[in-house]
Amino acid sequence: MLTHQDAAAAGEALIGREVVAPLVTQRIKPSPRLLSRLLSLHEAAAHLAKTAPDILGKPEVGRAIDQALAEAMVACLANGHPVNEGRAYRHHARVMQRLEDTLRANPEGPLYMADLCKAAGVSHRTLIECCQEHLGMSPKRYLLLRRMHLAWRALRREDAGSTTVTEIATNYGFWELGRFSVVYHSMFGESPSTTLRRSPEDPGLGEASEVGLKFAEFA
Amino acid sequence: MPGGGTRVFLDSDLYEAGFRQAQIQFVIACVADFKSRLTWVELHHSQLLQCEEDCGRIGYVSLSPRLATVSFPTHADALPRWRGSELNAGDIFFHSPGEGLHQIMPGASIWSLIMVDPAKLDEYSRAVFRKPLPLPLQGRVLRASHRDAARLRRLHAQACRLAETKPRVLSHPQVARAIEHDLLYALVTCLSAAKTSTQPAANRRRAAIMVRFEEVLAEHIGWPLPMSQLCELVGVKDRTLRSCCAEFIGVSPSRYLLLRRLKEVRRALRNADAHTVDVAGIARRYGFTDRGRFAAAYQATFGEAPSATLSRPKLTS
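If you read the protein sequences in the order shown, they are chains G and Y.
Sequential numbering of the first sequence, starting at 1030, is according to our numbering.
Sequential numbering of the second sequence, starting at 154, is according to our numbering.
Accuracy of the hints is not assured; some may be wrong.
Stated by the list, open to error - With a cut-off of at most 25 Å between alpha-carbon atoms, the simulated PhoX-like pairs for lysine-lysine come out as follows:
no., chain 1, residue 1, chain 2, residue 2
1, Y, Lys284, G, Lys1169
2, Y, Lys273, Y, Lys284
3, G, Lys1169, Y, Lys273
4, Y, Lys284, G, Lys1147
Keep in mind that the hints were calculated from the coordinates and are not lab data.
Put together the whole structure using the sequences plus the hints.
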């Protein structure tokens, strides 16, 4: 990673024009020669970091590698052709960005389809396309999993003496408790009451935390 | 405040009073006691009703002018006739604000109402479907796809079952929110995707005549109007009024007026104190001057003598 200023400076010095960071992430296809140079430099630096981190610590070595990497990267960016992802893809990426912002602003509360449509300013049809493309599932499914995850987090946090599974489930909009338990068990590998009884320090089942983390990342 | 509940009624007056937002006027056509159950669900911006009735009847429903109302038969032994036309399975009515609707239920039935704040419905439609959802100026019958209609019915039934079994869960704001979101999604899908069959102009004219007919009855319930005067007040010819009534309520205008008056007498008898009033006095108040003919008509309609109604334990609402 280069800072924007570094990239711009290196660009001006090396190829005589600025390299401007794109607003939306772009995929670039450089020529095979340039790409292999960048990759081998990257690999060499990584190898060094693993085997002889002391050497990397030396200012002159660091600067030399920095320089070589920046050169290779700018060459790739300047001479490569941006892969045309299409307007739809960029539009969807922007929608996903707005969704992420909304989800980040509401880390605790349950959200529904209309909330996401309103936040992203798109119809449910577009939302479905975006979510299929970026999350591999429908927004409805995603929101259900998200609510399940929020309930899981609350069940881990709370103490069995002060609350009940019913109370937590209803807090997240689950009212068919039988169905909630079945879906919960299939996701987290244990019943909601088991999670509630366990102390927050006990990590519990590995796969449970993994599923939890996966959703924590996006939520 | 969200919530819900269910109640069994053995008296049609109390059942009618249970509708609250929609006004309903039943003319019970069967002889036996009218047993019914009303289940209601109150969400943040909408209300659901499920109405179970154990025998056939004719009725007039006046919907609230402030709410967007959708109604559909949920279960019927025989196909009901609403607003003059026989319903098909899966039909959904999207009503105009304040619409008046005649219903003929030929037998035991369950039917449903969904009433939503129109501003919220429009807001939801704009957010999710990117288009406005204005209320129809004329009531429409929607033929939604089987899947969409089935989903709406299922969600309605699930919410009502929750109101019957666990009303406390329903009063949880997040539960009400979850149900309302699913319900509005299903509802707006039905309303915006369904094929609508707009009524032919002739049917609309006849529906308007029937609404006017109800207005005249409400004003003149206290005495027997001769047919000529009734037609003059409604503003139509004798033949037109007769054919409209046959189509919308299945009985003649004068028969309907008689049933309505008898029902008013029954309501008064149910509420009156047997020690201070007598049957004849109440009957006279509704224009029944011939005691013998009145008693016979009353007995034939309700299966009991007027004096028996008067001596029943009083209703408490």
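Q: Measure nothing beyond the straight line between the CA atoms of lysine 1169 of chain G and lysine 273 of chain Y; if it is 25 Å or shorter, mark the hint as holding.
A: holds (21 Å)
Q | Restraint check for lysine 284 of chain Y with lysine 1147 of chain G, where alpha carbons must lie at most 25 Å apart | A | The hint holds at about 13 Å.
(Q) Tell me if the straight-line CA distance from lysine 273 of chain Y to lysine 284 of chain Y falls inside 25 Å. (A) Status holds; Cα separation ~13 Å.
(Q) Holds or violated: lysine 284 of chain Y and lysine 1169 of chain G, Cα atoms, limit 25 Å. (A) Judged against 25 Å, a Cα distance of about 20 Å means the pair holds.
Of the numbered hints given earlier, the model fails none.
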